[in-house]
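Residue numbers (my numbering), protein chains in the order written: chain A, 1221 to 1504; chain B, 32 to 350; chain C, 141 to 474.
Keep in mind that the hints are not guaranteed to be accurate.
Unchecked claim - Simulated DEER-style distance windows between Cβ atoms: (1) A:Arg1246 - C:Ser220: 56 to 66 Å; (2) A:Gln1244 - C:Asp233: 47 to 57 Å; (3) B:Lys245 - A:Asn1336: 14 to 24 Å; (4) B:Leu170 - C:Asp233: 28 to 38 Å.
Derived from the structure by calculation, the hints contain no laboratory data. Cβ atoms here follow ideal geometry from the backbone N, Cα and C, with glycine treated the same way.
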Amino acid sequence: MSTDTAAGLARNSALVSTRELSKQYRPAGWFSRNSFAIDALVDVNFEIPRGSVTALIGESGSGKSTLARCLAMLEEPDQGEIYFDGQKITGATARDMALLRPRVQMVFQDSAGALNPRFSAAEIIAEPLRIQKWETGEKLRERACELMKEVGLSPDWADRRPLEFSGGQRQRLGIARAIALRPAFLILDESLSGLDLSTQAQILNLLLDLQAAHSLTYLVISHDIGLVGEVADFIAVMYQGKIVEHGSAERVLNNPREVYTRQLLNSVRVVETAFRAAHAGAGR
Amino acid sequence: MKYLARRFVHGFLLLIGVSLLCFVFSDLAPGGFFDEMKLNPQVSAETIAGIRAQYGIDQPFPVRYLRWVQSVVRGEWGYSFAYNSPVRNLLGTRARNTLILATVATALAWLISVPLGVWLASRAGKWGDRACLAGTSLLTSVPEIVLVLALLGFAVRTHWLPVGGMSSVGSGTVLREKAVDLLLHLVIPTTVLVLASLPILVRHVRSSVIEALKAPFIQAARAHGISQARLLFHYALPAAAKPLISLFGLSVAGLLSGGLLVEVVTGWPGLGPLLLESSMSKDIYVVVGIVMFSTLFMIFGNLLADLLLFVADPRVRAE
Amino acid sequence: MGELASNLRSSDANALLRVAGLTVNYGSEGRAMAPALRGLGLKLVAGEIVGILGESGSGKSTLALSLLGLLPANCRVEGSIRYGEQELLSLDDAGWREVRGAGIAIIFQEPGLSLSPVLRVGDQIGEVIRAHRKTTRREREVEAKAILEQVQLKDVDRIAAAYPHQLSSGQLHRVAIAQALACRPKILIADEPTRALDPTIQNEVIDLLRDANRESGTAIIFITHNPALLAGFADRAIVMYAGQIVEAGPVSEVFSRPHHPYTQGLLQLSFRNRGFDSGRFSTIPGMLEDSLKVTQGCVFEPRCHARTPICRNETPTEMVAEPGRRVSCFNHVN
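Next comes chain A alone, as it looks inside the complex (with noise of 0.2 Å):
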C-alpha cells in the first residue's frame, strides 16, 4: 500500500481515521456452507483530513460501499477500530453512537430507492429533526423549506413526491435531508453517477458551496476517477478490500504507484486523449 498521508498531517487534523478495519460477509441459509465468505474490507488504514475532499475510488465490489456504511455506523467491522473526530466509535455503546450520528450523514446514488416514494419532499428533508427531535410541527415544515431554498429547489415543491422530481433534483432532496442535522462529515455514495454532465456540474458547485458554508468535511465515493480528480483534494484507490493508494490528487493522478491506479487512470485518458485530438480538429 503506498500512502504519503503521514508526510505534513498532524494526527488529529484528520476528522476520521480507521486502523486495521476488517469486515466479512457471510452467506447464511438453509444450504449453508461455511467455507463461502467475502472479504469485503481487509485491514483497511485510512484517514480523511478534516475540511478536505477525500475521493474513494473503486470498481464495485472492491469494498467502497463497505468502508462508507462502516463509517456512517450503519454496520459493524468485524475487526479494526474507526475513530471519528478523536473519539472511538467501534463498540461503542448504542447512546454514544446516537449522539454521534447526526454528525456524519450519508447521501446515496439511487436518490428514487434512497427516498421513500411516499413521502413528501417536505416530509422526507425534515425526517431526520423529526426523529432527533430537534423541531416540531409547523417548525420542521419551515425548516426543510430553508433546506430546499438552500439545495437550490423551490419552496413551492414541498409537496410533491419524489417520483416527480428529476434526478438531478432528487441528488439535492438527498442532500438536503442529509444536511439537515448540520453534520461535520458527508459521505456521498456514488451520488453522481448517472447523471448529465451538466447536472454533475451543478451539484458540485452545490456540494463546494455547502462544504465552504458549513465547514464539511466530504468522503466522494466514486468509480468515475475523471471526475473527481477534479474536486477531490485526497484520493484513495481501492482494490478487493484493500487501499491500494492514497495520496494527494495531484500526486495520485500525475504519477500513481500502483498498476491498478495507472489501468484506471489509463482508461480515462484514452478517452480524453481522443476527445481532446476532436475538439482540436483532427479527423477520425
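Please arrange chains B and C on chain A, whose structure you already have, making use of the hints.
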C-alpha cells in the same frame, strides 16, 4: 441433506406439539363421549364408570396421552368409540375420498387460474381484465354454502346430476360405469371448491405476472422480437413463479381441510363429515387423528413448496 | 423542414434508415404536454456509427424506442421512419416483430438487466434466433456459442450453460451485446449502455461495438450524454435538445467548431473545468424545464448566451451551415 434432516426434526416436533394441543383442548371442552348415557335413567352410574374405565377415559392426562402415542406407534392411531374400531381403519377410506375430491378441485383450480391470470396480466386495465376482476370479486362475496345449495337445488330440478354423495346405488360393477358415476358425483363439490378458490388464485397470478412484466429484461426481449405469448409464458411466468409456488404449497397444505363445509353439505364421505361428527360427540381419538393427518399434509405441502422453489429458481440453488 | 427534406431526397439511394418529421406526443389528447420529439429527421447510411448526444429530457430515448415501435400505447406518433423500403410506422405487431432484433436491435442502459435471471444465457440467445428463423435446437446452440465467441468471450460452453447471476458483470455486458447481435441486425441502437459504468468496462463496451461495426458492417446509433465517448468512435454526431436536433455533422467538425450554443456548452462541460477565479464548474445556465415552457421561438433561448430578439419570436429551422453540417440557430458561429 442437512436441510432435509432439519425440516424432518421440525416437522416431528410440530406434530408432537399439535397432538398435545389437541388433547388439551379436548379436555378443556365440556362433556365426554358417554355423557349421553347419563341421560338414560336405565343406565346406572356404575355402568358408565365401568365403561369409562374400560376405555381408559378416566385416566389422568399423561397416561392417556402416552397410551395414545403407543397406539400410534402400533399403527392404530387410537380407538373410535362410535365406530368401535381403530382410528386408522376409519381414516383410511375417508382420507382417500377427501383426497380424490381435493386433488381434482385443486388441480382444476390451478389449471384454470394460471392461464387466466397470465391472460389478465397481459390485458391489465382493459375491459376484459376489469370484467374478470369484477367477476372474481362477486364470487368471493358469495358464501360457499350458497353456491353448494344453489347447485344442489339445480341438480334436484334437472336430474342431470346426482344430488350429493359419492356413489349411487346401482351404479354397476363395471369399472367404466363406476368411473362415470364417480365423475358425476364429483361435479357439484368440485365446482364449488374451484369457484371458491379461483378468485384468490387468479388475482395472485395476475399481480405476480404484472410485477414480472415490469422487469427490464421483458422490455429487452420484446425489443429482440420475441412474441407476446412467448414473453408471457416463457419469460414472465417463470420469473413470477416464486410467490405462486409458495401459494401452491399452501394449496397442498390445505387440501384436507379446505373442503370441510362442502363435504358436509353435499354428503361427500370424506374426513369433513367425520371430523364434524366426532367433534360433536367427543370421539376424541378420531379428532386427534384427523388433525394430525392434516398437520402432516401441511408439513408436506410446505416442504413441497420449498423443494419446488429450489428446482424452479436457479438463484435459490446458488445459495 | 424544407431544407431537410431536400437533403434527404438527394442522397436517398444508400440510406439505410430515413427519419422525417417524426413527432411524438405522450399522453392523451386532453392533456397539453410538450411533445417528446418535434419534427425530427435524420439519415443513417449502412455501416455508419452515429452518436446521438443528449441529456435527460432531450428525447433521445423516445427516438430509440420509436425506431423499434416500443413506445407505450398512448403515444401519438406522426411522421415517417423508412427502413430500407419499409415504412415502419405503418407496421402491425407481426411486422414490427420481424424488424426488431433482426433488422434493428437495441441494447439498453445496464445491459446486465436485459437477461432473464431464470433462463440459461445460451437459451436466451437461442430464443432471439428462434423468434426470427426456423431452426433446430442444435443449430441454435451452435449459433449462440458462435456469437458469444464473437464478443470475445472465452470458455463459451460454460457461459452458454450458465445463468446470469453466475457471470461477472463484464461477461454479462458481452452476453447482452451478443444477444442483440444474434440475428445480425443491420442497425444496432445502444441507448446509454455505459452510463454509471466503471471507465474500464465503458471502454470495453465501446470496443465491442466498434468490432461489431467493423466485422459485420452493423450500423450503430450510440446514444449518450457524454461527448467524450464519441471521440475516436463515432463518425457523425447529432446533438439533441428538448426533442429537436440542434446540430449535426462529422464528430471532429462538431467538436472542434461547434455552431450551436448548446453544443458549445456541452463540450465545455466535458472538460470538467473549474473556473480559475470562482473555483466552480462551468455549467449551462438554467434548467430543461425553462425550455419545456417555451411555446414560441427557439426552445434553447431561455438558456442561451448568444440569444438575440429574433430567437424569442421565430423558431429556427435546420440550416445547412456547410456541406454535411446542419444547425438550428439564427446566430450560429462560424
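Now the hints, each set against the structure:
Roughly 59 Å separates the CB atoms of Arg1246 of chain A and Ser220 of chain C, a value that falls within the hinted 56 to 66 Å. As the Cβ distance of Gln1244 of chain A to Asp233 of chain C is approximately 52 Å, the hint placing it in 47 to 57 Å holds. The hinted window of 14 to 24 Å between Lys245 of chain B and Asn1336 of chain A holds, with their beta carbons roughly 20 Å apart. Look at Leu170 of chain B against Asp233 of chain C: about 33 Å separates their beta carbons, and that is inside 28 to 38 Å.
The earlier numbered hints are all upheld by this structure, with none contradicted.
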